[in-house]
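Asks: Counted the way UniProt numbering counts, the sequence shown spans residues 1 to 490.
Derived by calculation from the structure, the hints in this document are not laboratory data. Hints are not guaranteed to be accurate.
Straight-line alpha carbon distances no greater than 20 Å define the calculated PhoX-like cross-link-like pairs of lysine-lysine that follow [unchecked claim]:
hint, residue 1, residue 2
1, Lys381, Lys440
2, Lys465, Lys485
3, Lys442, Lys218
4, Lys117, Lys98
5, Lys419, Lys381
6, Lys147, Lys108
7, Lys442, Lys299
8, Lys108, Lys98
9, Lys147, Lys98
10, Lys442, Lys381
11, Lys419, Lys442
12, Lys381, Lys485
13, Lys299, Lys440
Quick list of simulated restraints, FRET-style, between CB atoms [as the list claims (entries may be wrong)]:
hint, residue 1, residue 2, range
14, Glu202, Arg26, 48 to 54 Å
15, Ala264, Lys485, 14 to 20 Å
16, Gly31, Val252, 43 to 49 Å
Just so it is clear, CB atoms sit at the ideal spot from N, CA and C, and this is done for glycine as well.
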Amino acid sequence: MSNLVVIENPEECPLHFDGVDTVSARTYLTGKERSRRGAFKVFNLCRSYRYQSMGYYVSLLAEARGHKAFPSILTIQDMKSSGLIRLTSDELEEGINKALSGLDQQCKPCFNIYFGKSPGGLHASMAMDLYRRYPTPFLQAVFSWDKGWRLQNISPLAVREIPEDERAFAEETANTFFAAKRHVLPKKHVSRFDLAILHNPEEKIPPSNERALQRFVKAAAGLGIAAELITRDDADRIFEFDALFIRETTSVDHHTYRIARKAASEGLVVIDDPVSILRCTNKVYLAEVLRQNNVPAPKTLIVHNRNIDEALREFAFPVILKQPDSSFSQGVSMARDEKEFLAMLKRLLDKSDLVIAQEFLPSEFDWRIGVLDRQPLYACKYFMAGRHWQIIQRDGAGQIKEGRVETVPVEFVPQQVLKTALRAANLMGDGLYGVDLKQKDKQAYVIEVNDNPSIEQGFEDNVLKEELYDRIMRVFLARIQASKKGNWLL
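The whole structure should be built from the sequences, with the hints applied where relevant.
Replies: Shown next as structure tokens:
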């Protein structure tokens, strides 16, 4: 996706943008060469975005053409909403007061922000926070005192209104921004869309290894999607993309959820979406939704301080105890007798008001059924680690031992396993899930539903090979295209 600057009269623009096409608003609106779908990321620098103005139509038609507009029509409307501005002020209250502490309370400080950076003394993190909420190339923020500093107004800053002593800063910041993305674009064709793949290079057990990540990038490129591997440090750039694919272990009280939530609020296609993260990462929710919908699962009881005796009566030992946000076998313990049960339960209840107690179903392996867009994607047998009762074993020194993985064609999976997995996954949503099940006789029991399932080269892809990555990217493409068709009508 190429960068394109649109302005009323490029010849009168006081700034020079290196290596970026600059066209007049009229040329963009009427020129056929600029109207092809998905070809451009449009930076709208028109002097006004008022309703039915030239600037308004640039952003409106950009979205109708499937181009990525900055600012978008939604952002333009947000900047006109006093209610949303008050909400922003409330959310950033602590940061605003910290950034403006010591200023004269009688004045109304005004700061200009250029691609998230301000030369006027506004705290760097505050400038970036405002830019994230109102992604617009050039912004002006005005504050006032009312028992504390408040954001009074935020609006686009026209190029001609940039103070002369800030023009060099604005130009340098813009050119740095434009240059930062050049390496992402394939040389042989122009990508229609941009995909961010969030990963953590330092994670010990990541959901995708490096080879798998590169296969995702390759599969995306084959569909005209420029995929870029990002980390949490790139969170402030999330609105530059059309979609977000999370390949880092998720948690609610974690940057993965915050980035997913931000991306979804900006209109990006997101897998794992924030609702799936909320649902899948909490075992209490999973236990209740499976029970309410009669999906087979091991005998389960939600334990709290007042029903411990009931739990002791309900289960024979050994019994499994899970903290609500457990994952990758962490936060999951086996109590072999009442003494262990009470000791483990006390530790868990010190962290959470509710704990999951579950019947232990011994098995040689767990089924893992990958589900995407409400359809089965892949199937694996995850064998127990050594003589351990889990597929992952951790020793006291933090060393990790994993059981072997056997990938199975989906058509060879027992129908009861497949049917139960789909029922469980579809209760979570229409994203990408990994359903873990145990099979006993002819019945399948759901152990958990993961919102961020492992997809590693050499394991989960052993049957489908490249097709596994292609299928996932085709879902992204279809959802991005659907979102582009709908956005401009909002």
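Asks: None of the hints should be skipped; say for each whether it holds.
Replies: Structure-based check of each hint:
1. Lys381 x Lys440: holds (14 Å)
2. Lys465 x Lys485: violated (32 Å)
3. Lys442 x Lys218: violated (40 Å)
4. Lys117 x Lys98: holds (17 Å)
5. Lys419 x Lys381: Cα-Cα ~16 Å, so holds.
6. Lys147 x Lys108: Since the Cα atoms of Lys147 and Lys108 sit roughly 14 Å apart, the hinted pair holds (cutoff 20 Å).
7. Lys442 x Lys299: holds (17 Å)
8. Lys108 x Lys98: With Cα atoms ~16 Å apart, Lys108 and Lys98 stay inside 20 Å; holds.
9. Lys147 x Lys98: holds (14 Å)
10. Lys442 x Lys381: The given pair, whose Cα atoms are some 16 Å apart, holds under the 20 Å limit.
11. Lys419 x Lys442: holds (12 Å)
12. Lys381 x Lys485: violated (40 Å)
13. Lys299 x Lys440: Satisfied, since the Cα-Cα distance of roughly 13 Å is no more than 20 Å.
14. Glu202 x Arg26: 48 to 54 Å: The hinted range 48 to 54 Å holds for Glu202 and Arg26, with Cβ atoms some 50 Å apart.
15. Ala264 x Lys485: 14 to 20 Å: Roughly 18 Å apart at Cβ, these two residues keep to the hinted range, so it holds.
16. Gly31 x Val252: 43 to 49 Å: For Val252 against Gly31, whose Cβ atoms are near 47 Å apart, the range 43 to 49 Å holds.
Of the numbered hints listed earlier, those contradicted by the structure are 2, 3, 12.
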